[in-house]
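> If you're matching them up, the sequences are chains A and B in order. For the first sequence, position 335 (counting from the first letter as 1) is numbered 335 according to the numbering used here, and the numbering increases by one without interruption. With positions in the second sequence counted from 1, the corresponding number in the numbering used here is that position plus 420.
Be careful, since some hints might not be right.
What the hints assert, rightly or not - Which residues of chain B face chain A? A partial, calculated answer using Cβ under 10 Å:
#1 V431
#2 L433
#3 P439
#4 C442
#5 N456
#6 L458
#7 C459
#8 G460
#9 R464
#10 R468
#11 E480
#12 G483
#13 T488
#14 F541
#15 V543
#16 C547
In short, the hints are calculated from the structure, not lab data. These numbers were taken from a predicted model, which means no experiment stands behind them. Virtual Cβ for every residue (Gly too), placed ideally from N, Cα, C.
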Amino acid sequence: MESVTLPPIHEDRSALDLAAIRADFPGLNQLVHGKPLVFLDSAASAQKPRAVIDALSDAYTKNYANVHRGVHTLSQNATTAYENARAVGARFLGASSADEMVFVRGATEAINLVAQSFLAPRLTAGDEVLVTRMEHHSNIVPWQMVCEALGARVVPAPIDDHGALDLDAFEQRLGPRTKMVSVVHVSNALGTVNPVAEIVRMARERGIPTMIDGAQAAPHTAIDVQALGCDFYTISGHKVFGPTGIGLLYGRRERLADMAPYQGGGEMIQSVSFEGSSWAPPPSRFEAGTPHIVGAIGLGAALEYVSAIGLDRIAAHEHDLLHYAEERLSTLPQVRLIGTAPGKAAVVSFVVEGIHAHDIGTILDAEGVAVRAGHHCAQPAIEHFGLAATARASFALYNTRSEVDGLVDAIGGALEIFGV
Amino acid sequence: MSDLRELYQQVILDHYRSPRNCGALDDATSHADGHNPLCGDRVRVQLRVSAGTIEAARFEGAGCAISTASASLMTEAVKGKTVAEARAIFASFRSLLMGGEPAEPPASLGKLEVLGGVREFPVRVKCATLAWHTLEAALGASGDGASASAPDTTANSAPVTTE
């Protein structure tokens, strides 16, 4: 038998074929400041696989027309592709029907939609919306806007010094005034994975509607909205390797049916006259105007890409990276991790003694290492740790252990420059 | 790496670790707050201005090496200067960082020249100018510079932002 020289086995001890996965993402293969890019900012927005880029290109070049409007072939093809993406989304989230999936611009719009169309008509002065202190601003401000207008308020449940939710304190804050619970599934700033099933159970026992912000969960965790039992769940396309400007809102059928439209316009009506108009059934009721057709198709391609690899395998790989990063960073006494909740996702927020996060970001960038520096649109979470900013390395399925080494070496370079 | 060494010169690191004129100014005649929403940095600049001259300038706030060093060097640079001279220094400083037309008349930058390396890092220019925009707002609020143009001046009310 002929002996075959195999390429060196990637150093990452996971079942993923990392070389093949990395080859799927053309954006990873480039030099930044003359150094190979080490992209550790996927929590802000993930790189795109060829499958998504091709889906976008095909949708524009071969089957582009408006949806739900034409009898001609291209319009029918575009409609089929658009609605197929909705069905893929329903499968990805475990919804019982594609009719429970609303295309939105992203998780931010989904939360605004639920705040305006679902909560606002049900809210009176003195009512409360319960969130956690680790929320992204997008899961705080839309509720505040509705609450301020109606004399209600947004109440944060506390987190501990590891960045984990204090579940007892959360439950204590569930009261007769609580009209909505909205909680992040995976924290973008701290990596904390919230016990969302438990949270939903506590709320449902009291008849309180629930929304889960899954923007950061979708690229890392298998989601089953029916098992969770939540009323609403949202994901953002660009965080799960899809296009920007597109996302999905899952709404339980009876909730959506009981909601007024979010915006008025074409496509969301049953009939229009100057005496009054009537609304189309969900999900069309919530999709006024020509939607982001091609974005939706791209999102469908992204969800299929992730599903084909398997979220269990992705999660295992990312946990390996997380543990390796924690181990390597623990060798640098100047580095303090922010967010150390048990079972956390592969988001590593950190501060370096004597060096501001913004300077870390600049120095790492010069080495080709892309991290985010700042408050990560989660100011209350960062302020909980007495900080204004952290540096954040966030990992995705395409990252490698040698990229963790690149991160640690670049931090070492920063320590040298600053002499700390 | 050479750009990085140019950015993080010893003078800058020294002013970052041991900022000058840092802390409250008890007998301030004006102040303004600045905020860089990009990184969350906040700075307060307090001035004692008398007969058109900046007798004392101090700053408070936590920030990155660039913004802290710039604030520290700024307080040294404007102390004892007239309001008009301080504004001229800012104009020259801004053209050092951002290029374009040299300020007219050109003011001597002295030690501020060490911040010239920021020019190679456009996203960091706001860090270097935060304290200066805040100074400009405080000057606008001092009553000695009512004619000055400071488009984002919101001294003593909403913080100045560098966005």
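> Would you mind marking each hint as holding or not holding in the structure?
Taking the hints in turn, this is what the structure says about them:
1. A distance limit of 10 Å between C-beta atoms decides the matter here; for V431/B the minimum to chain A is near 14 Å, and the interface restraint is violated.
2. With a cut of 10 Å, the hint placing L433/B at the interface with chain A holds, because the nearest CB-to-CB distance is about 6 Å.
3. A hinted interface residue such as P439/B counts as satisfied when its beta carbon comes closer than 10 Å to some beta carbon of chain A; here the least separation is about 13 Å, so the hint is violated.
4. Taking 10 Å as the C-beta contact cut-off toward chain A, the hint placing C442/B at the interface is violated, the least distance being around 15 Å.
5. At its closest, the beta carbon of N456/B sits 9 Å from a beta carbon of chain A; the interface hint therefore holds under the 10 Å criterion.
6. A least Cβ separation of about 7 Å between L458/B and chain A falls short of the 10 Å threshold, and the interface hint therefore holds.
7. With its C-beta approaching chain A no nearer than about 5 Å, C459/B sits inside the 10 Å limit, and its interface hint holds.
8. Proximity of G460/B to chain A holds as hinted, the smallest CB-CB distance being about 4 Å (cut-off 10 Å).
9. With its C-beta approaching chain A no nearer than about 14 Å, R464/B sits outside the 10 Å limit, and its interface hint is violated.
10. Residue-level restraint check for R468/B is violated (minimum Cβ-Cβ distance to chain A is 28 Å; threshold 10 Å).
11. The interface hint given for E480/B is violated, since its Cβ lies 13 Å from the closest Cβ of chain A, which is over the 10 Å cut-off.
12. Taking 10 Å as the C-beta cut-off, the interface hint given for G483/B holds, the closest approach to chain A being about 7 Å.
13. Against a cut-off of 10 Å between C-beta atoms, the interface hint on T488/B holds, since the closest Cβ of chain A lies about 8 Å away.
14. The beta carbon of F541/B is positioned within 10 Å of a beta carbon in chain A (closest approach about 6 Å), and the interface hint is therefore held.
15. For V543/B, the shortest C-beta to C-beta distance to chain A is roughly 8 Å, which falls under 10 Å, so the interface hint holds.
16. At a threshold of 10 Å, the smallest CB-CB gap from C547/B to chain A is about 7 Å, leaving the interface hint in force.
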